[in-house]
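As you go down the protein sequences, you meet chains A and B in turn. Residue numbering for the first sequence is 2 to 306, as defined by this note's numbering. Residue numbering for the second sequence is 2 to 306, as defined by this note's numbering.
Hints are computed from structural coordinates only; laboratory data are not their basis. Glycine included, each C-beta is placed from N, C-alpha and C at the ideal position. Mixed in with the good hints there might be a few duds.
[Unchecked claim] Derived lysine-lysine pairs resembling DSBU-like cross-links, with alpha carbons at most 35 Å apart: (1) B/30 x B/97; (2) B/187 x A/225; (3) B/159 x A/34; (4) B/130 x A/275; (5) A/14 x A/56; (6) A/159 x B/275; (7) A/156 x B/30; (8) B/275 x B/12; (9) B/275 x A/130; (10) B/30 x B/278; (11) B/89 x B/35; (12) A/275 x A/296; (13) A/296 x A/233; (14) A/187 x B/225; (15) A/89 x B/35; (16) B/162 x B/5; (17) A/56 x A/30; (18) B/162 x A/34; (19) B/247 x A/156; (20) B/156 x A/30; (21) B/35 x B/56; (22) A/130 x B/35; (23) A/130 x B/95; (24) B/89 x A/95; (25) A/278 x A/296; (26) B/156 x A/275; (27) B/156 x A/56; (28) A/56 x B/130; (29) B/35 x A/156; (30) A/229 x B/187; (31) A/34 x B/156; (32) B/233 x B/187; (33) A/275 x B/159; (34) B/278 x A/156; (35) B/278 x A/130.
[Stated by the list, open to error] To give an idea of the chain A side of the interface with chain B (calculated C-beta under 8 Å), a few residues: (36) 72; (37) 74; (38) 78; (39) 88; (40) 110.
Protein chains: 2
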Amino acid sequence: MINKLVENIRKTKAPIVVGLDPMLDYVPKHVQKKAFQEYGETLEGAAEAIWQFNKAIVDQTYDLIPAVKPQIAMYEQFGLPGLAAFAKTVDYCKEKGLVVIGDIKRGDIGSTSAAYAVGHLGRVQVGSKSCRPFDEDFVTVNPYLGSDGVNPFLKVCKEEKKGIFVLVKTSNPSSGEFQDQLVDGKPLYELVGEKVAAWGEELMGDEYSYVGAVVGATYPEMGKILRKVMPKAYILVPGYGAQGGKGKDLAHFFNEDGLGAIVNSSRGIIAAYKQEKYERYGEEAFAEASRAAVKEMITDIQGAL
Amino acid sequence: MINKLVENIRKTKAPIVVGLDPMLDYVPKHVQKKAFQEYGETLEGAAEAIWQFNKAIVDQTYDLIPAVKPQIAMYEQFGLPGLAAFAKTVDYCKEKGLVVIGDIKRGDIGSTSAAYAVGHLGRVQVGSKSCRPFDEDFVTVNPYLGSDGVNPFLKVCKEEKKGIFVLVKTSNPSSGEFQDQLVDGKPLYELVGEKVAAWGEELMGDEYSYVGAVVGATYPEMGKILRKVMPKAYILVPGYGAQGGKGKDLAHFFNEDGLGAIVNSSRGIIAAYKQEKYERYGEEAFAEASRAAVKEMITDIQGAL
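The shape of chain A in the complex, shown without the other chains (with noise of 0.2 Å):
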């Protein structure tokens, strides 16, 4: 799957991953009205409502992108109904040829993080059958209990073909607290950058490794650092846009091949027809807007590299 990701941004061109992170706030109104008219304002009717969203959104920007990554916090909020809403984005998006990297941070001891494995990005067995639960193609892994919680997920990845990105340096604020403390001299993460090279070493794509890495965009000398420590792990890059990373910093993430990094957006992308900027298309004409957001962050960052 590392292997359809190269392929994708080289087809594309655009080394970006749009976040699938649809907050109701977000949703304008008329597909709100919409939802909650068939639905009534309930977990349904929420989970109608982004589903709508996104899928106006995929359908305008589909030929553009490499990848979605949706956030299942944002589905998983609204309960059984919200998740179902997220299986349903993780399936049309790849119907429609798009890479799908469920943003689900999973992590824990040996034998759950293997359910975790298994139900994001495997094959979970039922008597004498094999069932598919959510079946996206990358997901998000927290390293924080170690290696014997990583490696449930570096087993399906390698009978799947599919990969992980692993929280290194997170894009928020206060992930220095933890991740920047220094360990006989070096920061945490950069220790947990030296665990995802290692363990991306078995697991090889044709230029690059199943297991990449999370570094935000907001903390681009500690990319520059990283992108060193693991010239083979694909660095998913959040905090590009509304949490303030510019197309300036990311040169950094990438390596001398112009691969190496892809940089998401999501608030930026799927709210676009929330700002100034955008205003003109007006919230009918919200998944437009998203169209030219994307065009424009193509643009910002191919000038970058």
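Fit chain B to the supplied structure of chain A, relying on the hints for placement.
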């Protein structure tokens, strides 16, 4: 809710929690067969099997125990039907008067953690209505992203008088890989423990804080230190029984009042019928074997205190 947990522990004299982590392998063949006859060898069939398994165990043990801890991964691996069984299990246990600790180990950047917090502990706004998606009493939280990943949970805990258990030192063999790293001569888990104590100060119940910690039974010496670092935090102690922790290792996790810790056992209780010790019950009476295992666990722990 921390007050209810303490009250339930006092009433039952049992500082234990039953981990409802129903791997399909634990579910007796006759329960699986019945579920598969009704729903086929499908995710729905698996979900029905684990729900019937849980229900039988809860019916046989609820009068002896204060709380249960369903591990959501064991449900999530069966996709949407599995998560429906999780929700049904949560609701059923609450009806039986049990405190429900959702072992979800979520944690993300602020706005995303907020979605998990309302989804699992609070209410989510849908138009003019507010809905309760999963509605556990406590959840477990991963601290790797720092304070701004935890704060949204604290906010919801305050509003709802609910609680969290933050991962401090997990029970698995490789937990030390990152958690034990020395930061200024002090292990990272101690730093996290200090944060737990600080986060909990503003959220006090009668005797203990809404903010607890997870510390594995497999690391009793670290439990001793962490008990002092977080005197008002309830410690959720996994790793007893099948993972190797023993009753005598547990004394240090408790305060002098005999409170302050709650010990989890999953496999040791729910799959008790598979142990030589309880094989006289046979597969048909698996839930009675669980009841016997609960009684023995209570005796073992009371003896250690």
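| field | Hints not upheld, ascending by number | value | none
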